[in-house]
Amino acid sequence: MSNRTGTTGKTGPNGPGGIPSRGAPSCSMSRRSFLKGLIASGALATLPCGLLLPRNASAAPFSKSDFQIFRNACPRNCYDTCSMVTYVRDGVVKFVEGAPESTFTAGGLCVKGYSYPRRVYSPDRIKYPMVQDGRGSGNWRRVSWDEAMERIARKLLEIKEKDGNLLGLALTKYSGNFGITNYGVEGMMSSLGYTTRLVGTPCWPAGIDAQNYDLGDMWCNDPEDMEKSRYIIIWGANPAWCSVHSMKYVYAARDRGAKIVVIDPVLTQTAAKGDVAWQPETGSDGALALGMARHVLDLGLVDRDFVANNAVGFEEFAAYLRGNVTVEWAAEKSGIPADDIRHVAEEFATAKPATIWIGYGMQRHVNGGASVRAIDALVAMTGNVGKVGGGARYGHLQTWGFNYHAMIQKAPAGSTGFTGKSGPKGEFDVTAGSAAPAAYTDRALNINKTAQELLDAQNPPVRVLWSSCKNPFAQDFDRNKMLRAFEKLEMVVSVEQFFTETVRHSDIVLPVTTLFEEWTVNASYWHYWVSLNEQAIAPLHEAKSNIEIAALLSRHMNRLSPGSCTYPQDIDTKEWMEKEFNKGVYDLLGISHWQDLRKGPAKAKLASSASWSDRTFKTPSGKYEFRSDLCASHGHKASSPTWTGWRSSRRNPSST
Amino acid sequence: MDISPTQTGSAPRNAGDARDAPAIPEGHPVGGARETCLLRGLRDLFAARGADGLRAASLALDACVAEHGGPASLPPNASAQHGPAPEHACPPGADPWSEAEYAFNRLFVGPMAVPAPPYASAWLETEPRLMGESTMDVRALYHALGYAVPGEGTTPDDHLSFELDAALALLALRGADHPAAAPAEGGDEPGLAVEDAWRWLVAEHMGAWVPRFVQRALAEPGVPPAIARALALLLCWQEDAAAACARHAAHATDAPATHSRRS
Ligand code: SF4
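If you read the protein sequences in the order shown, they are chains A and B. Heads up, the first sequence is in the numbering used here, so the first residue is 4 and it goes up one at a time. Heads up, the second sequence is in the numbering used here, so the first residue is 7 and it goes up one at a time.
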């Protein structure tokens, strides 16, 4: 600052100089004049107003030209995967809105979406890499990225030295950010060698298996065609809260005369809006569906053409129904009156087209997969599969055909790994069927038994856990067991935006970017739009994207032990986003370059809004399979949908 | 954590790095030297990245208070000589400054949600949200001085340490016949801009959040004395500066309205 020995006292705190004579000493009135004075050029003349303030720029009428506008997509693992438009001024996200180009998002977001700026700029965000001295102690220290990564790299090299492989390193990751480049976390693991993965899906696996047995794939109709349904059963889903954009199609169908039946043990907001709300016993859904199927059979409302020509095993299913199922039995199990079951079953079977939205909640039970199979069967036997406005809607992965460039990385030369039987696979597993079987693989642990698997893993035990896009303490089962499992771990690294329960039990936390701070691309498992996600702002504080973190780890690994990690050491999230596109994606979306997505999201060009519209199924028989030999070969009790009762402890909570 | 000169636009105009400055102009009131070392110590303390930084800043504050005296309202035991952490909170063998670092991070840094985020906009926006309008206000002030925070757009401009750094800069400008203190176009009297900027920053802007910030932090259990002392010094400084600002204005204005305002 100035060394000048200026006129002393002149401008001291109590000095008399330089005081304006324009009256009240309110600091707020002086603010503009100091800026004007300090800038001292090009300033507008201040009018001699004593009370009025100069008009603030933000009071000007809204003008898009005041903002930089970016394309984003909500990565929250929500049905809706909204296409967003982000308004930035001064490098700050001012507000967001739904993209008007997507007929699904239709210009609107949910309240979580609209409040994204609050999330990005939350004072509670994790801002820096930090180390906890004593897991769970709350004693955190700031460290530089380099310190954090060096510490991790040294630990990984230590366990590799000790075990002769990196199976002591485990990854748990799921749906915290479904932007495609975030599969670079799996890529980071592969680039280090063969590691342990908590795989499978905590979310919807039983239903996926069920649809694979019945139809050969999980593939739902375009939700936008629900407005053409004449009868909608929403079974174990609560779109009024969890898929707000789908509700407009439900309402449109009702406006055209459709009836809306909502089945949920809880009187949800969706149930409150339905014409009929059933609250069955938890986990009785399969019995209820079978009871409805039996009634449809009794009334002779089966679509004979479909079951004869496009399906296999219907007669066995019908025999099972006749021999084992009555409407009264279903009523007893579910608590829904038999007459109500008959009434809705008959209406459903006679309304064409009719559809069932199968929610994820109802398959998270014993009988979960069989329940979905029973509902599929009800939709199929009434001739609603392959129909616009029909369908057994569960989800789809049709628009996920990206390159998974970030994910597919090579193990360093000479890496050794697991040689046993491979474990479960995730639903996004793109390595299936590629190349010859390797000598070594990753070690797969069941994500749905995370705590137990971490406790049980031996030779080597899991020593280091890397958690990203995931909060095992909140998302996985058995908290008390999880605490014990974490005690076994030698190092826990969490990559997070906020302080979760898992971060509390970590040794190192690394701050990760939000959707506005990185480039990626997002697809939905429900609708058929694909959205570009542009970087709209610089990452706040010291946050880095998952793939930048991987690159930094690679730099440290290779510095300490050259060749120990194949991950590129310098990456650019935009370049890596570009690498995810291929001709298949372009053709499906009807675009010629990803840049086209800057104009707005694109929707898959579908032969029909109905899945399976040509009635060619991907099952072994090529037909709809009421009887699935594949299901039986996988060790399930019966090859056609049945209901086997609750787990015995269900009614006796004191037993374990 | 200091504001760095902007690469573009107006040159820093000699409003140099507050760390190495300022040689206090001859004949400057003693309060200037005290205020300078106090602001510098507080700036460095709240910018501390760890135990070493906390310790160095606390010792600097000690020296400042020893040489110039503390504000009258400072709690009697609020000195780093009483140790950085309460004895009971400090396990035997633990480095007391590490304990102070943990406490500092729990209060101000994270990774958990912090009770007293050291950012103006966390207190001044309609909802706690960094990079709000109040952040842009201080950014405009830094720019007007020819400065910017390092990593502008990434680091919120209104972190307490940057604001204290800007206050140091203005303090130096007030004590000098500096070109930046020259009259604004239109013939206002010299020094108007600097005085107004100072008053806006310390009285209006910081006055709107620093007292709440300090009270909220001090309401937490187990605040180590070194941090409690710094918080108290910060509050005393801000209140004294704002009071001086009001006296200054009242003195200069003989409008009766001023007197009623003060009563
Ligand atoms: S509806 Fe779902 S996808 Fe859309 S903004 Fe809300 S959370 Fe995100």
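Check the hints yourself; a few may be wrong.
[What the hints assert, rightly or not] With the C-beta cut set under 8 Å, the calculated list includes, among others, these residues of chain B facing chain A:
| no. | residue |
| --- | --- |
| 1 | A39 |
| 2 | R40 |
| 3 | Y108 |
| 4 | R112 |
| 5 | P117 |
| 6 | L130 |
| 7 | T132 |
| 8 | E133 |
| 9 | M142 |
| 10 | Q221 |
| 11 | L241 |
[As the list claims (entries may be wrong)] No more than 16 Å apart at the CA atoms, straight line, and that leaves these computed lysine to aspartate or glutamate pairs for EDC-like:
| no. | chain 1 | residue 1 | chain 2 | residue 2 |
| --- | --- | --- | --- | --- |
| 12 | A | K621 | A | D220 |
| 13 | A | K97 | B | D246 |
| 14 | A | K262 | A | E350 |
| 15 | A | K452 | A | E493 |
| 16 | A | K606 | A | D301 |
| 17 | A | K97 | B | D58 |
| 18 | A | K97 | B | E139 |
| 19 | A | K67 | A | E100 |
| 20 | A | K577 | A | D617 |
Everything labelled a hint here was simulated from the structure, so no lab data went into it. For clarity, every value in this text was computed on a predicted model and none was experimentally measured. Virtual Cβ for every residue (Gly too), placed ideally from N, Cα, C.
Unsatisfied constraints (hint numbers, rising)
1, 2, 6, 7, 10, 11, 13, 15, 16, 17 and 20
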